[in-house]
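Guided by the hints, dock chain B onto chain A, whose structure is given.
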Amino acid sequence: MLILSRREGESVMIGDHIQVRVARIEHDVVRLGITAPRDLPVFREEIYQKIREANREAARRGPAALPQISLPKKSE
Amino acid sequence: MPDPTDPSHPAPEASTLYFPFGLIGMRQFTRFNLQAAPESPPFSLLRAEGDDTVEFVVMECLGVLDDYQVVLSDEESEALGIRSAEDAMVLNIVTIHSMEPAFVTVNLAGPLVVNRSTLLGQQIILSGPNSYSTEHVLVGRKDVSSK
Chain A
3 MLILSRREGE SVMIGDHIQV RVARIEHDVV RLGITAPRDL PVFREEIYQK
53 IREANREAAR RGPAALPQIS LPKKSE
Chain B
3 MPDPTDPSHP APEASTLYFP FGLIGMRQFT RFNLQAAPES PPFSLLRAEG
53 DDTVEFVVME CLGVLDDYQV VLSDEESEAL GIRSAEDAMV LNIVTIHSME
103 PAFVTVNLAG PLVVNRSTLL GQQIILSGPN SYSTEHVLVG RKDVSSK
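Residue numbers (my numbering), protein chains in the order written: chain A, 3 to 78; chain B, 3 to 149.
Just so you know, these hints were derived from the structure itself, not from any lab. Incorrect hints may appear among the rest.
Which stretches of chain B does chain A cover? Using the computed rule of at least three CB atoms under 8 Å from a CB of chain A, they are [said to hold, decoys possible]:
| id | segment |
| --- | --- |
| 1 | 23-36 |
| 2 | 39-45 |
| 3 | 55-67 |
| 4 | 85-93 |
| 5 | 100-113 |
If you're wondering where the values come from, they're calculated on a predicted model, not measured in any experiment. Ideal Cβ placement from N, Cα and C applies to all residues, glycine included.
Pulled out of the complex, with its shape left as it was, chain A reads as follows (with noise of 0.2 Å):
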């Protein structure tokens, strides 16, 4: 991983499209803003790893039988 040291209002750029700037640095918040490519969606990383994990898990190679199951009615 690379670390870079930047202060409040600083950027890097990765690639030509992609900027990460330093928007805030409050106590032990840092705010940053995200300029990418729409074709690159940008997650908080746990959150990323959570859906992903999600999908993996939920991912089935071949038939399987499915649960039969009642859901509650929705109330109107």
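Here is chain B on its own, set in the frame of chain A:
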């Protein structure tokens, strides 16, 4: 097995969905075949097209589970061409942890949002004040002895 010639048991409809960015952590799966599973409501099967095929059990949780809301950002709405709720179909991925006993959860935090007309879709990570679970329990419960 439903008889396709019996009008009271129509063959399950199938559609092909296109996810340009694939799924999160699985960007390689961009085309999916969605097929209802009429014997096991409310589930459908989402099968990835391609050599390395995987499939997902999905269901629509919007309008079924209380207090579930899916809010898209302006960028997400625009990318999918969705202007109102009626334009969108929201599928949630189901995890079948076990069948005997049945322990089934559904991912509310990362729904698959699909434009009903174009069949263009994207897996959205919901943000905002409501934080939903990736493992919302539909039936059963976590076994205390599991990992």
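So, going through the hints one by one against the coordinates:
1. Counting residues of the segment 23-36 of chain B whose beta carbon lies closer than 8 Å to any beta carbon of chain A gives 5, which meets the minimum of three for the stated coverage.
2. Look at the segment 39-45 of chain B against chain A: 5 of its residues bring a Cβ nearer than 8 Å to a Cβ of that chain, three or more, so the hint holds.
3. Only residues whose beta carbon comes within less than 8 Å of a beta carbon in chain A count, and the segment 55-67 of chain B has 8; three or more means the coverage holds.
4. Only when three residues or more bring their CB closer than 8 Å to a CB of chain A does the claim for the segment 85-93 of chain B stand; here the count is 0, and the claim is violated.
5. Note: the segment 100-113 of chain B has 6 residues with beta-carbon separation from chain A under 8 Å; the three-residue rule is met and the coverage holds.
Of the hints listed earlier, the one the structure fails to meet is number 4.
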